[in-house]
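Visitor: Okay, so the sequence shown: first residue is 1 according to UniProt numbering, each after it adds one.
It is worth saying that the hints were derived from the structure and are not from the lab.
Mixed in with the good hints, there may be bad ones.
Said to hold, decoys possible - No more than 20 Å apart at the CA atoms, straight line, and that leaves these computed lysine to aspartate or glutamate pairs for EDC-like:
1) K23 <-> D202
2) K192 <-> D202
3) K104 <-> E48
4) K200 <-> E228
As the list claims (entries may be wrong) - Across the chosen pairs, the derived CB separations fall in these ranges:
5) W99 <-> A25: 44 to 54 Å
6) L19 <-> W99: 18 to 28 Å
7) R49 <-> A25: 50 to 60 Å
8) I61 <-> A127: 38 to 48 Å
9) L65 <-> G141: 13 to 23 Å
10) V258 <-> L45: 41 to 51 Å
11) K53 <-> T105: 20 to 30 Å
Note that this is a predicted model, so its numbers are computed, not measured.
Built from N, CA and C at the ideal position, the CB exists for glycine as well.
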Amino acid sequence: MSTSIRICSYLLLPLIYLLVNVKIAQLGESFPITIVTFLPVLLLLFLERISVKKLMIALGIGAGLTAFNYLFGQSLDASKYVTSTMLFVYIVIIIGMVWSIRFKTISPHNHRKILRFFYLVVGLVVALAAVEMAQIILTGGSSIMESISKYLIYSNSYVLNFIKFGGKRTTALYFEPAFFALALISIWLSIKQFGIKTPKTDAMILAGIILSGSFSGVMTFILFYLLEWAFQYLNKEAIKKKLPLALISLAVFLVGVVIAFPYISTRLGDLGTEGSSSYYRIVGPLVMVGYVFDPY
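Given only the sequences and the hints, what does the whole structure look like? Please build it.
Guide: Below, the structure written as structure tokens:
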């Protein structure tokens, strides 16, 4: 695996993953400022070369999408949707920068140092999630989660209400379970870029995702893990040398799928249930796109 990876996976990345939902300040009533707000500046710190042409193309595409929405979408007052407008502009800038910038490479002898920071972050958030879950099981509530919520970009009150009715989910330093799981999966993908096997960290990340209670998180992690397994074993050389291990891994996975099938089928059914979290994240946005262009 290439050792020339983007510098956003360097020492600052574990810190960003840890504090991504921690609110530093607030702009207006609805736009929180976090460490991610300063990501464009952080990326410039590690700039080796930038393609102005690519950057202009990316910004032009962003402007084109804005014009397209203005001409063919519903007419909306941007001042009433400050958070959405600023988020769109911010995403266009970040994607444009990542596409147009050539980042400095990371020396292989620094890989272990970087990984130690990742291990520290994973250990911290998973341990915090375990403490939250223990409190939920023992007391039926989570004062820890409620206290942390005061410092996050958005309140996790809906998770606390879910817990009051017998639910068991954790968020650690994130505002909702699915985002917690996404952060752990992103950390796992970043660690895999170094090409170093980390079975203990993999197990901790899986434990954290399970503690989050996020079905989408568990399924996404399984999908990526299967893809990694396929790249490792589905070639002639690997099949000859590691066929028994590959067969055992596949068998364990299939047994897990069979055991979890009732739960999986239930959650897949939630995709069609309006009001469920799965509907809200996957189907809802597609429906909204239809509403926007429906008059046309």
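Visitor: If I claimed the Cβ atoms of K53 and T105 lie 20 to 30 Å apart, would that claim hold in this structure?
Guide: This hint holds: roughly 22 Å between Cβ atoms.
Visitor: Please verify whether K23 and D202 have alpha carbons no more than 20 Å apart.
Guide: 28 Å, violated
Visitor: Given the hint that K104 pairs with E48, does the C-alpha gap stay at or below 20 Å?
Guide: Holds, at about 5 Å.
Visitor: Tell me if the straight-line CA distance from K192 to D202 falls inside 20 Å.
Guide: 10 Å, holds
Visitor: Within 44 to 54 Å or not, the Cβ separation of W99 and A25?
Guide: 29 Å Cβ-Cβ, so the 44 to 54 Å window is violated.
Visitor: Return holds or violated for the Cβ distance of R49 and A25 against the range 50 to 60 Å.
Guide: 33 Å, violated
Visitor: Please check whether L65 and G141 have a Cβ separation lying inside 13 to 23 Å.
Guide: 44 Å, violated
Visitor: Take a look at whether the Cβ-Cβ distance between I61 and A127 falls inside 38 to 48 Å.
Guide: 42 Å, holds
Visitor: Does the alpha-carbon distance linking K200 and E228 stay inside the 20 Å limit?
Guide: With Cα atoms ~16 Å apart, K200 and E228 stay inside 20 Å; holds.
Visitor: Looking only at beta-carbon atoms, does the pair V258, L45 fall within the given range of 41 to 51 Å?
Guide: About 49 Å separates the Cβ atoms of V258 and L45, which means 41 to 51 Å holds.
Visitor: Can you let me know if the beta-carbon spacing of L19 and W99 is within 18 to 28 Å?
Guide: 25 Å, holds
In terms of the numbered hints stated before, the structure departs from hints 1, 5, 7, 9, listed from lowest to highest.
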